[in-house]
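J.: Go by the hints and put chain B onto chain A.
There are 2 protein chains.
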Amino acid sequence: MDPELADAALRTDVYELTMMQGFWASGRSSDAASYELFFRRTPEHGGYAVAAGIDDVVTMLTSMSFSGEHIEYLRSIRLFREDFLSYLSKLRFQGDVRAVPEGTVVFPNQPILEVTGSLLEAQWVETLLLNCVNFQTLIATKASRMVEAAKPSTVVEFGLRRAQGPNGGLWASKASYLAGCVGTSNVEAGYRFGIPVFGTHAHSWIMSFPTEREAFDAYAKTFPDQSTFLIDTYDTLGQGLSNAIAVSKELARKGHQTRGIRLDSGDLAALSKACRAELDRAGLSDVKIVASSDIDEYSITEFKRQSAPIDIYGVGTRLATAYQEPALGGVYKMTALYQGTDWEPKMKISSTPGKSTLPGRKQIWRARREGQFVGDVLALAQENPPFDVLEEERNGTEFEPLLKDTIAKGERVEEPTAIEAVRDRVADQVASLPKEHRRLADPTPYRVELSHRLKAYRDELFEKLA
Amino acid sequence: MDPELADAALRTDVYELTMMQGFWASGRSSDAASYELFFRRTPEHGGYAVAAGIDDVVTMLTSMSFSGEHIEYLRSIRLFREDFLSYLSKLRFQGDVRAVPEGTVVFPNQPILEVTGSLLEAQWVETLLLNCVNFQTLIATKASRMVEAAKPSTVVEFGLRRAQGPNGGLWASKASYLAGCVGTSNVEAGYRFGIPVFGTHAHSWIMSFPTEREAFDAYAKTFPDQSTFLIDTYDTLGQGLSNAIAVSKELARKGHQTRGIRLDSGDLAALSKACRAELDRAGLSDVKIVASSDIDEYSITEFKRQSAPIDIYGVGTRLATAYQEPALGGVYKMTALYQGTDWEPKMKISSTPGKSTLPGRKQIWRARREGQFVGDVLALAQENPPFDVLEEERNGTEFEPLLKDTIAKGERVEEPTAIEAVRDRVADQVASLPKEHRRLADPTPYRVELSHRLKAYRDELFEKLA
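Residue numbers (the numbering used here), protein chains in the order written: chain A, 1 to 466; chain B, 1 to 466.
So that you can see chain A by itself, here it is in the shape it has in the complex (with noise of 0.2 Å):
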């Protein structure tokens, strides 16, 4: 198992702890409830989410209990019975998870995932699930962002140095891998997921050489066909790029490629252009163009419309920590409770607009039409489609729920997938949204329709509550 999932009892917030010794003392340990792990809204006004985190939260729940260890800090911290510390440390997460598939694309107020278990459990793991699930989908969501705004050119992840903290640069070598970049830096993400690893050397190493072409020289005989000779050190147009292309026609000869050029401060889009035409000229059209410094899906986005030919984008801080929006504002809350005999439903009335939640145990049916996603209901779990609330329903159009069952019983019910097909899934989903949600600005919002069962019984307790 991986170090980070390890050992998770504890990754929690003291609050959660002091709740469930205060439902254990009111003799409610065995009330069971319903929460649901949405956010309510995308990062940057996007038109879409990848979600992200499931497979490892199914992880760690599966696998989390208290150790000795554990149960001796909590007692030091003098807020904990004896009989519940001994609760504790035989406690084992023994509920229900229903979550989308790991990539799945989403959208605000869906439920990406459910916990059904006693009101304990459910307490136990809220933290560690939205740490989680939140960062993983924002880093996955940010990743898919660059990697469309990029296409055809491709995206490569190197923020591991200004990530926050080695977890931090190691979820999101991972999440950016699986929403479509090619590769990481992080030769920690390499080894652990398997993701291809990419890098040839830093201005270091051209300065710790007397010249730039000894530098280029020495990491050619090396490399021979691994090379991109990073040209900027000292001058990019001027002697990075022609020893760049000297050194390549030498490797030419010996029947070697140059995989690249590099380039790392200046106006990229200019550059990039500049190095391309004397590539060619040079006969290297197969040497690629690979472009860094603080690059995201906005300068991206420019670099194409000025029709740079930047081959490879290497992304770094504004990807590993999600730079203009660092953090997904997802939440966990209580849809229903079961007290002795019955389900009870339950929603929070908030007089902040979008802040109510929706109650009940629910499903996701995710409408296609032609491959293409034409909508989503949002409807009560025991719901089946049509629902007549989209007008795309009548035409051949093909309903999905998104919610699997995915732990029964404190057991996993499938193995996770394999990263690789994670990775297909989310080429797949993002392909089947249509262009207008996919782009950058003012993206077209989604269709999520509610169904007028789900509207009604939300309506009935709305009645009932105010």
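No lab work stands behind these hints, which were simulated from the structure alone. All figures in this text were calculated on a predicted structure; none of them were measured in a lab. Any given hint might turn out to be false.
Which residues of chain A face chain B? A partial, calculated answer using Cβ under 10 Å [what the hints assert, rightly or not]: (1) MET19; (2) GLU126; (3) TYR191; (4) TYR219.
Dumping the calculated DSS-like pairs for lysine-lysine here, alpha-carbon to alpha-carbon at most 27 Å [stated by the list, open to error]: (5) B:LYS348 - A:LYS221; (6) B:LYS221 - A:LYS348; (7) B:LYS333 - B:LYS348.
Covered by chain A, per the in silico footprint, the following chain B stretches (three or more residues, Cβ under 8 Å) [said to hold, decoys possible]: (8) 125 to 131; (9) 159 to 172; (10) 321 to 328.
Every residue gets a Cβ at the ideal spot worked out from N, C-alpha and C, and that includes glycine.
T.: Chain B in isolation, oriented as in the chain A frame:
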């Protein structure tokens, strides 16, 4: 050892390893170099930063090595020669590190940490070192800004659920605590680092009981001396406050004491004033007011300006992700190179203003007068005061060198400082920084001068290179 710090050999960008093979294959394994880590500007145009992550770097550097599985993985990616892999399998960091003590207040362009060792080992550690120091310094700095803004009120860190992964949350808790927060909601941070943990209940607790009053009663029964009642689930100034007052009075009659009430929505300034007045009228002036909900140093400043009687600020996302500027741009640059017989100074000359570097190994000398910092002098490593660059130098000013030997020939020089002692150091450091450098809006830049010799050294090298 903390799991985050173990097994760090692959926590690096691929290009560090390819450069290492390049140096090695070019017969340069015995060439040495000095590198320094510094940042070019403070986050959010603040007046200072709090250096953190240094002690963790020392732990990683003095313990990291490639395992058999690491080597097998590196073999599988077909970039490395067998003889180089065999070299790696025996590699340990054997270099020297000088660094400022954990928790030191630092400024732009100052070397926070210096690595001197073989070219190969210095490249190996670059990425993990930047990852660790960039993130922890970022959060310690953000936390210090919030703690300063809140004084004499206190700040508790609540960010785990939206932090960038589990380690993002954990290190954010640690960095926040050492920078002056009084605690965290994160149980794992309490367990690992002994940080005080805080928290009571969520809206879900209230909603799981038929009435708010029953929810408060049940909580008070379980935690008669440790209750903070969340009063905004239904109607803050209506039933919320009056239920909290009623339960608190009952607790008081039984000899117990309510800790506080918590506000999590609405106009926190207006609500806190109304609550304070009612609580005082009810004889509950010891009951504290806790406020949370997207709080940061800017809103804290506003609440203070409006004299909001908030005793404790619970700060989540904005602190744990350093929301407004979620990455510190620390870099790692070569300052000297040793080939064969002599140390040769190195500097990067850039046409971008502020991107040129300062050559040579250095020392930061901090001048104090009457306990207050009056300015720093950046000097060559072998220099000593007086420097004759700060006018205060004559008048009983004391100079302290900030960079201390931290690792010598691969061995830790001193045991890491206990977290409470680091916290005391930060408090002393920040209190010693005159107020005009601490304010959020347009702080006066702190004086950092170059010594005459460093200036001459730089100018001379510049002439030679330009």
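J.: Hints first: check each against the structure and report whether it holds.
T.: Status of each hint after checking the structure:
Interface hint status for A:MET19: upheld, as the beta-carbon distance to the closest one in chain B is roughly 5 Å, under 10 Å. Look at A:GLU126: its Cβ gets to within about 8 Å of chain B, closer than 10 Å, so that hint holds up. With 10 Å as the threshold, the beta carbon of A:TYR191 comes within range of chain B, its nearest partner Cβ sitting at about 5 Å, so the hint holds. Checking A:TYR219 against chain B by beta carbon gives a least distance of about 5 Å; that is within 10 Å, so the hint holds.
Among the hinted pairs, B:LYS348 with A:LYS221 is consistent with the structure: their alpha-carbon atoms are about 25 Å apart, no more than 27 Å. Pair hint B:LYS221 plus A:LYS348 holds up; C-alpha atoms about 25 Å apart against a cutoff of 27 Å. With a C-alpha separation of about 8 Å, the suggested pair B:LYS333 and B:LYS348 falls inside the 27 Å cut-off, and the hint holds. Restraint check on the segment 125 to 131 of chain B versus chain A: 5 residues with Cβ-Cβ distances below 8 Å, three needed, restraint holds.
With 13 residues carrying a beta carbon less than 8 Å from a beta carbon of chain A, the segment 159 to 172 of chain B meets the three-residue requirement, and the given coverage holds. Against chain A, the segment 321 to 328 of chain B contributes 6 residues with a C-beta closer than 8 Å to a partner C-beta. That satisfies the three-residue criterion, and the hint holds.
Consistency with the previously given hints is maintained throughout, with no hint failing.
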